[in-house]
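Residues per chain, in single letters:
Number of protein chains: 2
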Amino acid sequence: MADLQYVLESEVNTARLGILKTPHGSVETPVFMPVGTQGAVKSLFPRDVWETGTRIILSNAYHLYLRPGPSVVEKAGGLHAFMGWPGAILTDSGGFQILSLGHLVSISDQEAVFRSHIDGSLVRFSPEDSVRAQVSIGADIIMCLDQCTPYPISRDLAKDAVRRTILWAKRSRQIEIPDKQALFGIVQGSTYPDLRKECAIELAALDFPGYAIGGLSVGEPKEEFYEVLAQTVQYLPKDRPRYLMGVGHPVDLIEGVLAGVDMFDCVLPTRNARHGRAFTFQGPLNLRNARFTYDFGPLEEGCDCPTCAGFSRAYIRHLFVAGESLAWTLLSVHNLRFFQRFMARLRESLKAGTVQSFREEIERLYPV
Amino acid sequence: MADLQYVLESEVNTARLGILKTPHGSVETPVFMPVGTQGAVKSLFPRDVWETGTRIILSNAYHLYLRPGPSVVEKAGGLHAFMGWPGAILTDSGGFQILSLGHLVSISDQEAVFRSHIDGSLVRFSPEDSVRAQVSIGADIIMCLDQCTPYPISRDLAKDAVRRTILWAKRSRQIEIPDKQALFGIVQGSTYPDLRKECAIELAALDFPGYAIGGLSVGEPKEEFYEVLAQTVQYLPKDRPRYLMGVGHPVDLIEGVLAGVDMFDCVLPTRNARHGRAFTFQGPLNLRNARFTYDFGPLEEGCDCPTCAGFSRAYIRHLFVAGESLAWTLLSVHNLRFFQRFMARLRESLKAGTVQSFREEIERLYPV
Numbered sequence: 001m002a003d004l005q006y007v008l009e010s011e012v013n014t015a016r017l018g019i020l021k022t023p024h025g026s027v028e029t030p031v032f033m034p035v036g037t038q039g040a041v042k043s044l045f046p047r048d049v050w051e052t053g054t055r056i057i058l059s060n061a062y063h064l065y066l067r068p069g070p071s072v073v074e075k076a077g078g079l080h081a082f083m084g085w086p087g088a089i090l091t092d093s094g095g096f097q098i099l100s101l102g103h104l105v106s107i108s109d110q111e112a113v114f115r116s117h118i119d120g121s122l123v124r125f126s127p128e129d130s131v132r133a134q135v136s137i138g139a140d141i142i143m144c145l146d147q148c149t150p151y152p153i154s155r156d157l158a159k160d161a162v163r164r165t166i167l168w169a170k171r172s173r174q175i176e177i178p179d180k181q182a183l184f185g186i187v188q189g190s191t192y193p194d195l196r197k198e199c200a201i202e203l204a205a206l207d208f209p210g211y212a213i214g215g216l217s218v219g220e221p222k223e224e225f226y227e228v229l230a231q232t233v234q235y236l237p238k239d240r241p242r243y244l245m246g247v248g249h250p251v252d253l254i255e256g257v258l259a260g261v262d263m264f265d266c267v268l269p270t271r272n273a274r275h276g277r278a279f280t281f282q283g284p285l286n287l288r289n290a291r292f293t294y295d296f297g298p299l300e301e302g303c304d305c306p307t308c309a310g311f312s313r314a315y316i317r318h319l320f321v322a323g324e325s326l327a328w329t330l331l332s333v334h335n336l337r338f339f340q341r342f343m344a345r346l347r348e349s350l351k352a353g354t355v356q357s358f359r360e361e362i363e364r365l366y367p368v
Numbered sequence: 001m002a003d004l005q006y007v008l009e010s011e012v013n014t015a016r017l018g019i020l021k022t023p024h025g026s027v028e029t030p031v032f033m034p035v036g037t038q039g040a041v042k043s044l045f046p047r048d049v050w051e052t053g054t055r056i057i058l059s060n061a062y063h064l065y066l067r068p069g070p071s072v073v074e075k076a077g078g079l080h081a082f083m084g085w086p087g088a089i090l091t092d093s094g095g096f097q098i099l100s101l102g103h104l105v106s107i108s109d110q111e112a113v114f115r116s117h118i119d120g121s122l123v124r125f126s127p128e129d130s131v132r133a134q135v136s137i138g139a140d141i142i143m144c145l146d147q148c149t150p151y152p153i154s155r156d157l158a159k160d161a162v163r164r165t166i167l168w169a170k171r172s173r174q175i176e177i178p179d180k181q182a183l184f185g186i187v188q189g190s191t192y193p194d195l196r197k198e199c200a201i202e203l204a205a206l207d208f209p210g211y212a213i214g215g216l217s218v219g220e221p222k223e224e225f226y227e228v229l230a231q232t233v234q235y236l237p238k239d240r241p242r243y244l245m246g247v248g249h250p251v252d253l254i255e256g257v258l259a260g261v262d263m264f265d266c267v268l269p270t271r272n273a274r275h276g277r278a279f280t281f282q283g284p285l286n287l288r289n290a291r292f293t294y295d296f297g298p299l300e301e302g303c304d305c306p307t308c309a310g311f312s313r314a315y316i317r318h319l320f321v322a323g324e325s326l327a328w329t330l331l332s333v334h335n336l337r338f339f340q341r342f343m344a345r346l347r348e349s350l351k352a353g354t355v356q357s358f359r360e361e362i363e364r365l366y367p368v
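Here the protein sequences line up with chains R and B, keeping their order. Using UniProt numbering, the first residue of the first sequence is number 1, and each one after it goes up by one. Using UniProt numbering, the first residue of the second sequence is number 1, and each one after it goes up by one.
For reference, chain R alone in the conformation it holds in the complex:
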């Protein structure tokens, strides 16, 4: 029985406000999880991540399995100790990476076989391998290995991926894991509503402590994404947290929350930071732009992050143009703080009944 608890505090139509209690602290939901793929949120000290208001991060079992290997993380006392992160951690299973890194060799009901993106070696990876690796890594929330499908994909292939994802979820569910870890199932089914429904119902019957929705926002039209999402969520149990994987565009976060999602992760804030792009409530900024050469104001008026408190747009632009990696750090801090402020505003707007005007404001600034 997992120690993880989800407390549904209130509902606004299909949207939800709640608390996710983990062995490493509680988080308000809906929540955004920054990504630390290789056991580090890129270019940031854990204390800098914490200072942005982040209390749960995502890391990737796929990457850590290949490097440094789960035995290193386990002997370090788990990923929290290894990376010095005091908050909660969720690890993804590797299903998405096996697909997206493009080195899949074959997939059978037994296992996936892929080539390592590091050294090209052949790796056999079963659902059991994924769960065991994630148990060694020790995240608070771990994920079943799934078969994530690209878009578009034929109905037959999508159906087979759903069948295998359910089969793997059943096998994963039978593995004994520590109480301090909670295993989530992942719903697949591409953009086929009946496949999504079947997958959600089958997984719900396995009584997971939480459910993820995978294989969305992978290239399908936005309207289809939002529709399939809403259709899927309705078959998930209300008393369990719901996690929409890899989604992070501001408008998509709002749509996800309106559909009833509680958790999100995305590389957008940190990846954009490394490319010089800042998120603000006045719209996006490209800090490489020459118009910031003499702009000595903060990135964003009213932002309470250490970057806005201590550094100007002109300085950050200089660092980008000069190729100084401190630029990544400064923008990453700001962008992560923006996403936490964004989620706080989203939760507040739900409570205040102003979510539609918040959505309009955000869509104007960040068109989809």
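Just so you know, these hints were derived from the structure itself, not from any lab. Note that the Cβ used here is the ideal one computed from N, Cα and C, for glycine as well. Treat the hints with care, as some may be off.
To be verified - Some chain R residues well away from chain B (every beta-carbon gap over 12 Å; in silico):
1) L104
2) R345
3) L365
Said to hold, decoys possible - Okay, the calculated bits of chain B under chain R, using three or more residues with CB under 8 Å as the criterion:
4) 74–82
5) 131–144
6) 175–187
7) 242–256
Use these hints to put chain B onto chain R, whose structure you have.
Quick look at chain B alone, frame taken from chain R:
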């Protein structure tokens, strides 16, 4: 009259202990200055630099002159405000960079002409340009433009460089600068003791608030370096700080201090950090080494830096192997702290009369 003050507190043979008082705080000497070439100590927040015990850093007028340009730094309120550094700053004049970056086109008594390392454009740079740029940048200590010579060099060329360096120092000394800034002269003369002597005496007559020794440790044998250094220092006024430029190997720091030097700068701690090399009082470590894969101890037992407090050798190795830039940050913090601890031990060993055994210990660990 410069606000800068040097207080000579005690002497141990030719070595000195003192206090350097600047408009941005006092520092104990002998002191080591980390390098922030482009207005940032690479990969570090100013507060992380401060936490290593650093109270004075070096930046490069040459780099800031080309990018972002002195007018940007000036309009930001000076380099302290621009980069958010509360401590003292020294800027180098550009003499060394014009030589070492290999783009010198011509040099006359009027000015140096070089190609920008950024865009290849032709730049004319006179001693007056250098002082004016440094006044705009606003460092506490600024340097005369000098003609730095490579090793080896003929006596005639060295003699001409000394003549020009003195000429430029005289012209620089005539420029009015704010009291809050102090202009240092730079002694050149390659490895020719009589040229060094001449240059030192001529500059001393100009009554600078401090003196640098340039053009040493540029490839000459160590014994020659130490000898020429000692011969040069004796002609510098005792009541002014002495700064040995670009020197940072641990043994060279000790030799410099024994010769009577008060200030040093070097990229060694931060550059080595980016290559995975850590300094410790048990000797150097290469964090990329496979032997650290399962080493969950700190970088250095007994080190009080945030890296040693929070992260293991195994984790830092993982970050290096995985190409995570946080690795640079973690090692830079440690190495800068090491250099500050090193200088503190060096000052203590002078007071305690144990500097020779300290030198032997360090030379065993870090052979020259």
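Outcome of the hint check:
{"no.": "1", "hint": "L104", "verdict": "holds (22 Å)"}
{"no.": "2", "hint": "R345", "verdict": "holds (27 Å)"}
{"no.": "3", "hint": "L365", "verdict": "holds (28 Å)"}
{"no.": "4", "hint": "74–82", "verdict": "holds (count 4)"}
{"no.": "5", "hint": "131–144", "verdict": "violated (count 0)"}
{"no.": "6", "hint": "175–187", "verdict": "violated (count 0)"}
{"no.": "7", "hint": "242–256", "verdict": "violated (count 0)"}
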